[in-house]
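Student: From first to last, the protein sequence lines are chains F and V. Numbering follows the UniProt record's numbering, in which position 427 of the first sequence is assigned residue number 427; successive positions increment by one, without gaps. Numbering follows the UniProt record's numbering, in which position 163 of the second sequence is assigned residue number 163; successive positions increment by one, without gaps.
For the record, the hints were derived by calculation from the structure and aren't laboratory data. Cβ atoms here follow ideal geometry from the backbone N, Cα and C, with glycine treated the same way. No false leads were mixed into what you were given.
Between beta-carbon pairs, the in silico distance windows are:
| # | chain 1 | residue 1 | chain 2 | residue 2 | range |
| --- | --- | --- | --- | --- | --- |
| 1 | V | Leu-251 | F | Met-23 | 15 to 25 Å |
| 2 | V | Asn-223 | F | Pro-98 | 36 to 46 Å |
| 3 | V | Thr-306 | F | Thr-16 | 26 to 36 Å |
| 4 | V | Ile-328 | F | Gln-340 | 49 to 59 Å |
| 5 | V | Ala-177 | F | Ser-365 | 20 to 30 Å |
| 6 | V | Ile-328 | F | Val-66 | 20 to 30 Å |
| 7 | V | Gly-305 | F | Arg-18 | 23 to 33 Å |
| 8 | F | Ser-77 | V | Tyr-189 | 27 to 37 Å |
Selected chain F positions facing chain V (in silico; Cβ < 8 Å):
| # | residue |
| --- | --- |
| 9 | Gly-40 |
| 10 | Pro-250 |
| 11 | Glu-251 |
| 12 | Thr-291 |
| 13 | Val-452 |
| 14 | Leu-463 |
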Amino acid sequence: MNTSVFRRALAFLRNTWRGLTSMRTALVLLFLLALAALPGALLPQWSLNRRNVETFYDNHPTWAKVLDSIGAFNVFSSVWFAAIYVLLFVSLIGCLVPRSAEYLRQLRARPVRTPRNLARMPHHAEGTVPLPADEMAAVARRRLRRWRVSENTEEDGTRTLSAERGYLREAGNLVFHFALVGLLITVGGDQLMRYEGQKIVKVGDEGFCNSGTFNYDSFDAGLTVDGTNLSPFCLRLNDFDVRYLHTGQPERFHADIEYQAGESLENDNWKSHDLRVNNPLRVAGDRVYLTGNGYTPVFTVTFPDGTQRTKRTQWQPVDTTTMLSQGATKFDRPGMSNEQRRHDNQLAITGLFAPTASLDGKVLSSRFPALNDPMVAVDVLKGKLGLAGGRGQSIFSVDQSLIDSGELNRVARENLAVGETIRLDDGTTVRFDGVERWANLQVSHNPFQRYVLVFAVAVVIGLGASLSIKRRRIWLRIRPSPEGPGDDAAETTSRDEGTAGASVEIGGLARTDQAGYGEEFTRLADELLASGAESSARGSSETNSLGRSS
Amino acid sequence: MVNQALSNLSDMAFATSVVVYIFAMLLYFAEFASGKATETAERGAAEPARATVGVGGVATQEPPARPTVGRLEPEPRKPWSERFGGMAVAVTVLGVLVHAFSLVTRGMAVGRVPWGNMYEFGSAICLVAVIAWLVVLYRQSRSIRKPTTAPKLRGLGGFVLLPATLLLFLSGTALYATASQLQPALRSYWIWIHVSAAIVSTGVLMFAGVASVLFLVRLRSENDPARPGGIGSRLPSSQVLDRFAYRATVLIMPVWTFAIIAGAMWAEAAWGRFWGWDPKETCSLIAWIVYAAYLHARATSGWRGTRAAWINILGLAVMIFNLFFINIVISGLHSYAGL
Ligand code: HEM
Numbered sequence: 001m002n003t004s005v006f007r008r009a010l011a012f013l014r015n016t017w018r019g020l021t022s023m024r025t026a027l028v029l030l031f032l033l034a035l036a037a038l039p040g041a042l043l044p045q046w047s048l049n050r051r052n053v054e055t056f057y058d059n060h061p062t063w064a065k066v067l068d069s070i071g072a073f074n075v076f077s078s079v080w081f082a083a084i085y086v087l088l089f090v091s092l093i094g095c096l097v098p099r100s101a102e103y104l105r106q107l108r109a110r111p112v113r114t115p116r117n118l119a120r121m122p123h124h125a126e127g128t129v130p131l132p133a134d135e136m137a138a139v140a141r142r143r144l145r146r147w148r149v150s151e152n153t154e155e156d157g158t159r160t161l162s163a164e165r166g167y168l169r170e171a172g173n174l175v176f177h178f179a180l181v182g183l184l185i186t187v188g189g190d191q192l193m194r195y196e197g198q199k200i201v202k203v204g205d206e207g208f209c210n211s212g213t214f215n216y217d218s219f220d221a222g223l224t225v226d227g228t229n230l231s232p233f234c235l236r237l238n239d240f241d242v243r244y245l246h247t248g249q250p251e252r253f254h255a256d257i258e259y260q261a262g263e264s265l266e267n268d269n270w271k272s273h274d275l276r277v278n279n280p281l282r283v284a285g286d287r288v289y290l291t292g293n294g295y296t297p298v299f300t301v302t303f304p305d306g307t308q309r310t311k312r313t314q315w316q317p318v319d320t321t322t323m324l325s326q327g328a329t330k331f332d333r334p335g336m337s338n339e340q341r342r343h344d345n346q347l348a349i350t351g352l353f354a355p356t357a358s359l360d361g362k363v364l365s366s367r368f369p370a371l372n373d374p375m376v377a378v379d380v381l382k383g384k385l386g387l388a389g390g391r392g393q394s395i396f397s398v399d400q401s402l403i404d405s406g407e408l409n410r411v412a413r414e415n416l417a418v419g420e421t422i423r424l425d426d427g428t429t430v431r432f433d434g435v436e437r438w439a440n441l442q443v444s445h446n447p448f449q450r451y452v453l454v455f456a457v458a459v460v461i462g463l464g465a466s467l468s469i470k471r472r473r474i475w476l477r478i479r480p481s482p483e484g485p486g487d488d489a490a491e492t493t494s495r496d497e498g499t500a501g502a503s504v505e506i507g508g509l510a511r512t513d514q515a516g517y518g519e520e521f522t523r524l525a526d527e528l529l530a531s532g533a534e535s536s537a538r539g540s541s542e543t544n545s546l547g548r549s550s
Numbered sequence: 001m002v003n004q005a006l007s008n009l010s011d012m013a014f015a016t017s018v019v020v021y022i023f024a025m026l027l028y029f030a031e032f033a034s035g036k037a038t039e040t041a042e043r044g045a046a047e048p049a050r051a052t053v054g055v056g057g058v059a060t061q062e063p064p065a066r067p068t069v070g071r072l073e074p075e076p077r078k079p080w081s082e083r084f085g086g087m088a089v090a091v092t093v094l095g096v097l098v099h100a101f102s103l104v105t106r107g108m109a110v111g112r113v114p115w116g117n118m119y120e121f122g123s124a125i126c127l128v129a130v131i132a133w134l135v136v137l138y139r140q141s142r143s144i145r146k147p148t149t150a151p152k153l154r155g156l157g158g159f160v161l162l163p164a165t166l167l168l169f170l171s172g173t174a175l176y177a178t179a180s181q182l183q184p185a186l187r188s189y190w191i192w193i194h195v196s197a198a199i200v201s202t203g204v205l206m207f208a209g210v211a212s213v214l215f216l217v218r219l220r221s222e223n224d225p226a227r228p229g230g231i232g233s234r235l236p237s238s239q240v241l242d243r244f245a246y247r248a249t250v251l252i253m254p255v256w257t258f259a260i261i262a263g264a265m266w267a268e269a270a271w272g273r274f275w276g277w278d279p280k281e282t283c284s285l286i287a288w289i290v291y292a293a294y295l296h297a298r299a300t301s302g303w304r305g306t307r308a309a310w311i312n313i314l315g316l317a318v319m320i321f322n323l324f325f326i327n328i329v330i331s332g333l334h335s336y337a338g339l
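Based on the sequences and whatever the hints tell you, model everything.
Tutor: Below is the structure:
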């Protein structure tokens with residue numbers, strides 16, 4: 001009783017496993033995977049483009065909520081997506097292990113015996129040769145040098161050859177599938193150990209070091225990265241140059257950077273690198289990319305007591321084709337000992353910056369992305385910026401709620417060209433000094449990517465072998481014919497000495513999808529018959545030298 | 001920077017090639033329409049296929065020709081349909097030359113590879129598809145040399161040129177971009193490797209997709225012999241069409257895989273990561289998975305034939321979707337996007 005329950009459970013497990021590792025299941029899972037990836041291509045994704053997801057939320061609030069709750073904005077880290085590919089790979093491994101074993105067994109096995117009826121084979125040819133069966137068998141064996149051949153002699157003296165070729169096809173197929181598993185594992189490992197930091201650097205700044213996550217504007221890392229073991233290197237931006245075509249299309253971005261790594265960190269040497277799009281800096285196992293750029297308007301504020309403060313805060317491009325930018329440069333009032341009063345007397349310069357100004361009345365826009373005629377349209381705000389409030393705020397804007405609550409008030413609105421100044425009613429002046437450039441650098445660390453590449457190459461090679469090599473068989477049955485060579489051969493051979501000829505029957509079969517074996521088979525069969533005839537023509541003493549005929 | 005004269009020349013050649021293709025297409029269709037219906041079973045499954053050669057050749061076995069002795073009859077004039085077919089091929093070759101000229105001059109006008117935007121990309125894909133067609137035709141005629149089969153196949157040219165001309169037309173109108181320099185992101189030797197592999201794969205897969213569509217049409221007429229006539233009855237046998245689709249897909253699948261991997265390597269240099277689920281990357285992977293499913297279906301009993309053909313068509317649909325919808329509507333990082 002108990003054993004039968006146990007057996008039934010076992011049978012159930014076995015059937016499930018068989019079902020899972022069947023081709024049909026693999027097919028269904030492949031479809032599911034394709035289907036599941038589709039929303040990832042069609043819907044905006046949190047990980048790729050937050051702004052687009054937020055827009056989607058604004059436009060379709062209810063839909064967005066439903067979609068978000070099932071992970072449609074996070075497809076590639078969702079549970080269901082993972083479930084499908086894990087199942088697929090379990091199925092794959094379950095399929096690969098027995099197939100590999102089978103393949104090893106086949107490698108040692110002899111080609112299957114020649115079937116009784118070769119005329120039944122998809123490919124078939126026959127003819128007669130003026131050679132004795134044994135010699136013809138020898139000729140055929142030489143011609144089939146690159147095939148795995150096994151020979152037999154039947155009772156009546158009939159010789160048979162079975163030959164098989166293209167074992168590499170299956171090897172390629174196994175390599176391909178194993179490489180897929182390898183690809184999954186290495187990509188997974190990479191996800192755990194990778195990190196990526198974003199940092200805006202300004203021309204002439206002292207630069208930054210990859211020594212801790214706090215140095216970055218934003219940092220994103222795999223689970224095993226705690227930020228204490230980053231690859232040590234430092235870099236700084238010497239110059240940044242963008243050239244535009246007259247259409248406004250950028251022609252090249254070019255960041256002249258210097259870096260230190262390894263030894264040069266100790267002896268304080270700087271090496272230079274020409275950082276461009278498509279030409280990252282590869283240093284200390286990390287890569288540094290140029291991923292963005294923008295302008296930094298420089299403002300100097302002179303307070304009524306005569307103290308001056310100059311600030312360079314990067315502004316953010318809102319339109320990448322004209323580089324119209326937006327931002328907020330924030331000032332603390334110096335010389336105020338009272339913390340409370342200091343925080344209530346902060347100053348912010350917010351608004352728009354245009355590298356090539358175009359004015360429509362007082363409304364500023366930009367005509368061109370290069371620095372031809374820079375101008376800012378600013379609001380000067382005074383009051384409480386809430387910088388000390390503990391709430392993180394964007395460096396590109398001020399906290400709108402403070403304006404709404406009246407804690408932050410606009411005290412001026414003006415358009416300024418370089419060198420122009422606004423005077424506020426308390427005597428403070430704000431001058432627009434000029435413009436500098438910034439570049440966004442991305443530091444990436446993907447310790448596994450070279451292994452990913454190795455497996456990717458294996459995928460291509462395995463697939464190529466698997467799809468281009470045909471596993472095919474050819475069989476010959478050579479019957480000694482008592483009455484001598486037949487008619488066909490008579491035209492080309494001398495019939496001296498009345499040598500006993502043989503009739504040859506050839507059959508062929510491609511073991512896998514047979515598209516395309518016909519051509520090779522026809523040629524091969526013709527050659528086999530012809531070389532039989534030829535070697536006889538040259539006399540049996542010369543047969544040895546004849547392997548192949550044209 | 002941009003050589004305007006060359007660019008104009010290229011545009012003219014482009015327009016000319018479209019017209020030439022349309023003309024060739026009409027000729028093909030004329031041949032096809034006047035062709036005779038093929039018997040349902042060209043070759044029984046049991047019959048040994050010893051004459052099967054070439055790219056899925058349909059070889060009918062003829063008795064060996066013996067030289068005639070005595071008064072020789074003048075050769076009969078070729079029927080109209082065959083003459084249309086011969087002309088169609090010649091016109092296609094002309095079209096290919098003009099088309100290639102258009103791409104070359106475009107490249108010369110801007111001093112870079114002639115596939116830097118959607119217009120050029122679409123144009124190059126069509127060129128590949130038409131060349132793939134000519135190659136198949138050439139191999140067929142070379143390996144069989146039997147006049148009975150070549151025209152049969154030749155009549156299908158219209159079905160290759162139809163989608164190609166449509167895509168060309170779209171590229172030349174909706175997607176047209178004036179000749180200009182490349183975005184900095186596209187300035188890399190990878191554009192030679194990745195994009196050309198993508199172009200060749202897309203062109204050949206287009207060809208394979210057409211073969212699968214024709215396969216389904218033909219199969220319907222084979223399964224319904226009560227309804228004579230119609231397009232299906234004039235097509236080559238379903239086996240032949242199926243083999244065309246399969247061989248084209250099998251030939252190009254490693255190239256398409258390579259194109260995706262080369263894309264990942266380029267992305268590693270340009271965007272800072274080798275894979276980031278950019279919509280274009282994702283959609284290419286989906287297409288790849290669908291084609292992998294096609295190959296599996298061919299090895300799964302009950303899925304060969306009709307179902308496999310549908311999967312192949314689905315694959316092509318994803319490719320086209322990737323080309324148009326993803327580029328235009330969902331533009332991700334790919335700088336091709338944007339017109
Ligand atoms: C990760 C998912 C998989 C992918 C992307 C994939 C891809 C491929 C590709 C592209 C081929 C074509 C090569 C050829 O036809 O020789 C192939 C063949 C094959 N695959 Fe997979 N495969 C996957 C999973 C599986 C699984 C789970 C199984 C087992 C159930 C399997 C069994 C086979 C077999 C037997 C062939 C050879 C078919 C033939 O002889 O034509 N594959 N696979």
